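Order-wise, the sequence lines are chains A and F.
Position 159, counted from 1, in the first sequence is what this note's numbering calls 159; the numbers after and before it change by one each time, with no gaps.
Position 208, counted from 1, in the second sequence is what this note's numbering calls 208; the numbers after and before it change by one each time, with no gaps.
Just so you know, these hints were derived from the structure itself, not from any lab.
Just so you know, not all the hints are guaranteed correct.
[Stated by the list, open to error] Some chain A residues close to chain F (C-beta under 7 Å, calculated; not the full set):
| id | residue |
| --- | --- |
| 1 | V127 |
| 2 | P187 |
| 3 | M188 |
| 4 | A191 |
| 5 | V195 |
| 6 | Q198 |
| 7 | G221 |
| 8 | M227 |
[Said to hold, decoys possible] Here are the simulated lysine to any residue pairs, SDA-like style, with alpha carbons at most 20 Å apart:
| id | chain 1 | residue 1 | chain 2 | residue 2 |
| --- | --- | --- | --- | --- |
| 9 | A | K350 | F | W323 |
| 10 | A | K313 | A | L376 |
| 11 | F | K217 | A | N207 |
| 12 | A | K331 | F | K332 |
| 13 | F | K332 | A | S238 |
| 14 | A | K268 | F | Q208 |
| 15 | A | K332 | F | E379 |
| 16 | F | K148 | F | E379 |
| 17 | F | K331 | A | E241 |
| 18 | F | K268 | F | L250 |
| 19 | F | K242 | A | A184 |
| 20 | F | K332 | A | H240 |
| 21 | F | K350 | A | W323 |
| 22 | F | K139 | F | R48 |
| 23 | F | K119 | F | K148 |
| 24 | A | K242 | F | Y328 |
| 25 | A | K332 | F | G244 |
| 26 | A | K217 | F | A205 |
| 27 | A | K331 | A | A303 |
| 28 | A | K242 | F | A184 |
| 29 | F | K331 | A | E237 |
| 30 | F | K268 | A | Q208 |
| 31 | A | K119 | A | N207 |
| 32 | A | K350 | F | Y328 |
| 33 | F | K268 | A | Y201 |
| 34 | F | K119 | F | D215 |
| 35 | A | K332 | A | P298 |
| 36 | A | K332 | F | R245 |
| 37 | F | K242 | A | D294 |
| 38 | F | K332 | A | E237 |
| 39 | F | K331 | A | H240 |
Owing to the predicted nature of the structure, the values given are computational and were not obtained by experimental measurement.
The beta-carbon is built from N, C-alpha and C at its ideal position, and this holds for glycine as well.
Protein chains: 2
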Amino acid sequence: MTHENSVGIVEAQSFTFAEDDPFCLESGATLSPVTIAYETYGRLNADRSNAILIAHALSGSAHAAGYHSEQDTKPGWWDDCIGPGKAFDTNRFFVICSNVIGSCYGSTSPADINPAVGKPYGLLFPVVTVGDWVRAQIKLIEHLGIEKLLCVAGGSMGGMQVLEWAAHHPDRVHATIPIATTAAHSPMLIAFSEVGRQAIYADSAWNQGNYYGADRKPDAGLAVARMVGHITYLSEESMHEKFGRRLRDLERYGYEFQTEFEIESYLKYNGNSFTRRFDANSYLYVTKAMDYFDLSAPTGSLAATFVNSAHIKYLVVSFTSDWLYPSYHSKKLVSALTAVGADVTYLDVKSAWGHDAFLLEVETMTDLISSFLERLAREENVARPEPTSDNLATKITLATLPRSSEEERRLKIEALA
Amino acid sequence: MTHENSVGIVEAQSFTFAEDDPFCLESGATLSPVTIAYETYGRLNADRSNAILIAHALSGSAHAAGYHSEQDTKPGWWDDCIGPGKAFDTNRFFVICSNVIGSCYGSTSPADINPAVGKPYGLLFPVVTVGDWVRAQIKLIEHLGIEKLLCVAGGSMGGMQVLEWAAHHPDRVHATIPIATTAAHSPMLIAFSEVGRQAIYADSAWNQGNYYGADRKPDAGLAVARMVGHITYLSEESMHEKFGRRLRDLERYGYEFQTEFEIESYLKYNGNSFTRRFDANSYLYVTKAMDYFDLSAPTGSLAATFVNSAHIKYLVVSFTSDWLYPSYHSKKLVSALTAVGADVTYLDVKSAWGHDAFLLEVETMTDLISSFLERLAREENVARPEPTSDNLATKITLATLPRSSEEERRLKIEALA
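Next up, chain A with everything else stripped away, as it sits in the complex (with noise of 0.2 Å):
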């Protein structure tokens, strides 16, 4: 990573809405008002055609790249893709990425205050859908005066977005790039998420969700939700060469229940750090509305579901050592979309990483998405946006440190998934 391609310091941003006219969900509850943290990077061109927006995975947040600030070491989570000259060019197009509602980073959750009560919602907050995050992503676009955007894209809980913006508003999008995902969460994703939030439930600290301002915060039930999910994010392959059998700090086996196998550190690491920079109840919500997602369920079949969105181009990807969402669903997706006539490309990448891959086959990722998207700019003939005369991003010197590329992979993955 160097950092002359970076789009240097970012500003967190916020919209607020359904102040008077409440926010009205797929349950039939409503939200009021509704605050969408979001991002942007590059400008938006003269027409407003070159808008992309990014959605981001259930652990995820609005900052996806560039820096919070000169001292701040650890860039937004896509940082690789998104940038002068990478996969998503800030130099051509105007990139968006917005906080899903429900979770813990700026975007109302249930942390936040209910003004029914004048106290955190806790469990009164109300169950949202990915169909709820994209009608709020909707609101945002608007807002910032984007009638269509050029394209939507995203990996796993973000690739479901994605394909909810295809499904449901195909008039507002001119091409998708879902990624790693499915078009219907399966019984094993359920499953996970089910464990996920009994571990929570499990932890008394969690008291029904009413932990905002008490001593305790359910960390240990959160960080086994989060370690169960590392170890989804991996494949087998990936965690023999990442870890093997191999002890940590040790010559032979202590014969005791201390941390021993490096696997398990890596486990209890990002699991304990995860809870420093995540709500439980947000991992609640936000997990619920995953297993809710299931693009075919109301038609009955996908190319019915897809019938009225062949217009849009697609770029499908998917990974063959992903095992959480294996390949042979985004080929699901891609037979419903060529049945419909759709613009299809597909990539099923050969990866040793898993899930994870997506965050990690960088230079693949790049290839395929800044093809896709420069042959996209051409047929739509998105101008440039006009060139500023203070380019600060560009110019920036960041405090940064150096890191290895080891250590580079650990921070990805963490800010992922």
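With chain A held as given, fit chain F onto it using these hints.
Relative to chain A, chain F alone:
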């Protein structure tokens, strides 16, 4: 399942040793006394050459076949394969199954009184290994007057014991049947073990293992550990077939956090019922023993490990959809065994049932095992046991109710793994 070929009513037995001379463990610690719970089915022949040891999996017990009383409606965990005319034909063979040390089904465990302090061991119980388990099984067969086993068989954790017999006690066994197993616990298996243990540690009722006699047990943590396990025993395909995205007792989403999807209900049911039959500390000890299992570590290669085990006959079985113990583990084993010149029969059984397949693919397993044992008995000149005048087992009428095959499958899976 018909009762005509049941072993009938069986008796839970136990054998205690190391009362004066402590049992030395691989860790260097000792245990005294040591009790091994076991059961036997069929009869030993005159020259004691027809004995087969069955090794159980993670949550299994010595109760592998038959019923404990006439009112008992639930047979032993491998009743499908052990009985007159079944895969392990009790008309021909004397079948033994014993509970591993540290487990909670009658063998010495953390819940037993530590003679040094007069209260339950808890975490003062020494860490045991697969090697320790097998050396205790040798004490048991010696107690039963058996010098050499005709065969040792088992799936999953049972298969590890089978391989331990072959690698480290090659003169004690003519043949082995390792099923759906590995010669070295993989980092993914360790990862899932550790998440289960962390879920138990995270339960405040666990109290560092001191909960015997307390008001609360770490049931919530143990249930989460078991739920994780249950996901790993299934395949993505079998989950689709068995549960899909079906809701339980609901027409549409409830938009709340109660159990909704059938897969959630399945996991919760199995997690909770497990807490009524298994001990949380035992879960820690048994999983730790599995994590330590690595037959190639001392020699550096699997072939070197089995160099003195070439005279043993092997029937190795794996299942195509088993992602927890993927087929390539068995293939590596087969490759090492053939390299040393052993007689190996290997089958990668095409099955959609994931790791559970070893208990569910009864017909295939019966064909494979019975023909392997038939050849073995012929080649080793194994005489049939003397007929008895009163063969209780095959005459008994049991007060069991007819069960649907889905119900049977559920009970089998519950009893497993």
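Okay, the hints, checked on the actual structure:
1. V127: Since chain F brings a Cβ to about 4 Å from V127 (chain A), closer than 7 Å, the hint holds.
2. P187: holds (4 Å)
3. M188: It holds, given that the least Cβ distance between M188 (chain A) and chain F is near 5 Å, below 7 Å.
4. A191: holds (5 Å)
5. V195: Constraint on V195 (chain A) satisfied, holds at 5 Å.
6. Q198: Q198 (chain A) check passes; min Cβ-Cβ to chain F is 5 Å, inside 7 Å.
7. G221: Interface hint status for G221 (chain A): holds (6 Å vs cutoff 7 Å).
8. M227: With a minimum Cβ separation of about 5 Å from chain F (threshold 7 Å), the hint on M227 (chain A) holds.
9. A:K350 - F:W323: At roughly 19 Å apart (the allowed maximum being 20 Å), W323 (chain F) and K350 (chain A) satisfy the hint.
10. A:K313 - A:L376: Answer holds: K313 (chain A) to L376 (chain A) is near 8 Å, not above 20 Å.
11. F:K217 - A:N207: holds (18 Å)
12. A:K331 - F:K332: violated (31 Å)
13. F:K332 - A:S238: holds (18 Å)
14. A:K268 - F:Q208: holds (18 Å)
15. A:K332 - F:E379: violated (52 Å)
16. F:K148 - F:E379: Holds, because 15 Å separates the two Cα atoms, which is no more than 20 Å.
17. F:K331 - A:E241: At roughly 19 Å apart (the allowed maximum being 20 Å), E241 (chain A) and K331 (chain F) satisfy the hint.
18. F:K268 - F:L250: holds (17 Å)
19. F:K242 - A:A184: Holds, at about 16 Å.
20. F:K332 - A:H240: Roughly 15 Å separates the two Cα atoms, so the pair holds.
21. F:K350 - A:W323: Between K350 (chain F) and W323 (chain A) the Cα gap is close to 19 Å, so the pair holds against 20 Å.
22. F:K139 - F:R48: Holds, at about 16 Å.
23. F:K119 - F:K148: violated (38 Å)
24. A:K242 - F:Y328: With Cα atoms ~18 Å apart, K242 (chain A) and Y328 (chain F) stay inside 20 Å; holds.
25. A:K332 - F:G244: holds (16 Å)
26. A:K217 - F:A205: holds (17 Å)
27. A:K331 - A:A303: Holds, at about 13 Å.
28. A:K242 - F:A184: Given that 20 Å is the threshold and the Cα spacing comes to 16 Å, the pair holds.
29. F:K331 - A:E237: Distance of about 15 Å is within 20 Å: holds.
30. F:K268 - A:Q208: holds (18 Å)
31. A:K119 - A:N207: holds (15 Å)
32. A:K350 - F:Y328: The given pair, whose Cα atoms are some 19 Å apart, holds under the 20 Å limit.
33. F:K268 - A:Y201: holds (12 Å)
34. F:K119 - F:D215: Distance of about 17 Å is within 20 Å: holds.
35. A:K332 - A:P298: holds (17 Å)
36. A:K332 - F:R245: Cα-Cα ~17 Å, so holds.
37. F:K242 - A:D294: holds (18 Å)
38. F:K332 - A:E237: Distance ~14 Å between K332 (chain F) and E237 (chain A) Cα, so the pair holds.
39. F:K331 - A:H240: At roughly 17 Å apart (the allowed maximum being 20 Å), H240 (chain A) and K331 (chain F) satisfy the hint.
Hints 12, 15, 23, counting from the list given before, are not met by this structure.
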